[in-house]
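As you go down the protein sequences, you meet chains A and B in turn.
Residue numbering for the first sequence follows our numbering, beginning at 1 and increasing consecutively.
Residue numbering for the second sequence follows our numbering, beginning at 1 and increasing consecutively.
In short, the hints are calculated from the structure, not lab data.
Incorrect hints may appear among the rest.
Said to hold, decoys possible - With a straight-line Cα cutoff of 30 Å, these simulated BS3-like cross-link-like pairs (lysine-lysine) come out: (1) B:Lys-168 - B:Lys-209; (2) A:Lys-32 - B:Lys-209; (3) A:Lys-9 - B:Lys-85; (4) A:Lys-32 - B:Lys-85; (5) A:Lys-102 - A:Lys-112.
Chain by chain, the residues:
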Amino acid sequence: MYSASDLRKNLRIMLDDDPYIVVDFQFVKPGKGQSLYRCKLRNMLTGSQVDRTFREVDTFQPAETEEKNMQFLYREGDAFHFMDNESYEQIALTAEQVGDAKNFLIENMECKVLLFRDRPIDITLPNFVDVMVTEAPPWIKGDTVSGNYKPVIVETGYKVSVPPFIEQGEKIRIDTRTGEYLTRVKE
Amino acid sequence: MSADREFEARRRALELRADILHATRAFFLSRGYLEVETPNRIPSPLPESHIDAVASGPWWLHPSPEICMKRMLAAGFERIYQIAKCWRGRERGPLHLPEFTLLEWYRAGIDYRQLMEECEDFFLYVAGALGTGPAISYRGRPIDLAKPWERLPVADAFARYGSVPLEKALAQDRFEEVLALEIEPRLGSPKPTLLFDYPLAFGSLARRKAGEPAAAERFEIYIGGLELANGFTELTDAGEQRGRFERENELRMRRGRQPYPMPEAFLQDLSRMPEAAGIAVGVDRVVMLFADASAIDEVVAFTPEEL
Numbered sequence: 001m002y003s004a005s006d007l008r009k010n011l012r013i014m015l016d017d018d019p020y021i022v023v024d025f026q027f028v029k030p031g032k033g034q035s036l037y038r039c040k041l042r043n044m045l046t047g048s049q050v051d052r053t054f055r056e057v058d059t060f061q062p063a064e065t066e067e068k069n070m071q072f073l074y075r076e077g078d079a080f081h082f083m084d085n086e087s088y089e090q091i092a093l094t095a096e097q098v099g100d101a102k103n104f105l106i107e108n109m110e111c112k113v114l115l116f117r118d119r120p121i122d123i124t125l126p127n128f129v130d131v132m133v134t135e136a137p138p139w140i141k142g143d144t145v146s147g148n149y150k151p152v153i154v155e156t157g158y159k160v161s162v163p164p165f166i167e168q169g170e171k172i173r174i175d176t177r178t179g180e181y182l183t184r185v186k187e
Numbered sequence: 001m002s003a004d005r006e007f008e009a010r011r012r013a014l015e016l017r018a019d020i021l022h023a024t025r026a027f028f029l030s031r032g033y034l035e036v037e038t039p040n041r042i043p044s045p046l047p048e049s050h051i052d053a054v055a056s057g058p059w060w061l062h063p064s065p066e067i068c069m070k071r072m073l074a075a076g077f078e079r080i081y082q083i084a085k086c087w088r089g090r091e092r093g094p095l096h097l098p099e100f101t102l103l104e105w106y107r108a109g110i111d112y113r114q115l116m117e118e119c120e121d122f123f124l125y126v127a128g129a130l131g132t133g134p135a136i137s138y139r140g141r142p143i144d145l146a147k148p149w150e151r152l153p154v155a156d157a158f159a160r161y162g163s164v165p166l167e168k169a170l171a172q173d174r175f176e177e178v179l180a181l182e183i184e185p186r187l188g189s190p191k192p193t194l195l196f197d198y199p200l201a202f203g204s205l206a207r208r209k210a211g212e213p214a215a216a217e218r219f220e221i222y223i224g225g226l227e228l229a230n231g232f233t234e235l236t237d238a239g240e241q242r243g244r245f246e247r248e249n250e251l252r253m254r255r256g257r258q259p260y261p262m263p264e265a266f267l268q269d270l271s272r273m274p275e276a277a278g279i280a281v282g283v284d285r286v287v288m289l290f291a292d293a294s295a296i297d298e299v300v301a302f303t304p305e306e307l
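So that you can see chain A by itself, here it is in the shape it has in the complex:
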């Protein structure tokens, strides 16, 4: 059980029987009075945000969430298949459950899947992923002006801006947190 003084960013707690994550947090204490904890929380199921102020007497149960290490196996239409690294059990997530992570999921990638009462609700990817460029407009020679970028499509179908010298068939590294190109990867 958590008390209000345990509240901090990214803490996951149960609230009205739903799992919430603290996204913003401010400690407030009027002179000699009891402490107040102003929180912005995101419902981990619906994504909606709420503002709540807690007092030091308030207590919380930890969110009934569990993080499991899984491997992404393959995509089949709208179904993304994962395998639990410990139990070897396989589960399928919908495109909606996978969310933006689908842009960076490549086969055999290790990731963390967050479950709420056995229901997958979120995926954490490695910070960096190397992907193959599958479609790229040709490099126009002489176009060496720095700051020039062109759009390419990678193997997951994700569209990203890269420097003009990147060509089809090359591998590039993307930061999965920002979705931005980092560097060309030499095989």
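Please arrange chain B on chain A, whose structure you already have, making use of the hints.
Just chain B, lined up with the frame of chain A:
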């Protein structure tokens, strides 16, 4: 590299801090106050329900120098001030550091109303010494430090700015919530606000107001929404003080906190302490005010997270 940049950004605030400390000493020197230093490490803090002292071996780091300063009042020192580092556990936010600087001063023979006037003089003096004059601004709000400041009873503040009246807020245990979230942001602009006459339960060391037994002669200073100081007419009745400490310790235990030992030496001295008033001013927040800083982090050399 990043540390150097932080210092550069804070240089102006740190220079202001030095100037404010210098002006503070000049002000109290001109008024015949004696600067004192009392021990930071003490065997027992005053039992207050919402203040957690930080343990230091079997003793504690003082959350405020008041216990020793009042004993000095009792010993015959009539005008004393101190600039002291203080520690309070579990307090960290945009306005709170677990280690911070308090300016406290005590004066025999005055009550909280006379002390309010001295506070007006103090802030005006500091503004003069810094060269800003009485017209300043804080977070985009105009401030006029010229006397007289607004004097607002707590009950009126609840009636004017709160979603519930004072009695109802107290009954629902929402006093701090309504005060901090609804009322405080509206106080102290353009004139600083002296918020006064707190419910007795929120002034455990303050004298009960004559003719108004439910009120304590306590006040707070707000400037531009920022809470800067807490002062009161001192309670000098040792018997009543003992009863209040017992109640504070009960509250502590009910909230799962350890009770503090009864400060016997303090209570013994209290019975011979003269009528007096005293105040604690958050020096870091005074620097915030004059530096127009939104977070306490901007006005200290290091936050605990940077150590």
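Hints versus structure:
no.	hint	in the structure
1	B:Lys-168 - B:Lys-209	21 Å, holds
2	A:Lys-32 - B:Lys-209	19 Å, holds
3	A:Lys-9 - B:Lys-85	29 Å, holds
4	A:Lys-32 - B:Lys-85	17 Å, holds
5	A:Lys-102 - A:Lys-112	14 Å, holds
Violation of the numbered hints given earlier is absent; every hint is satisfied by the structure.
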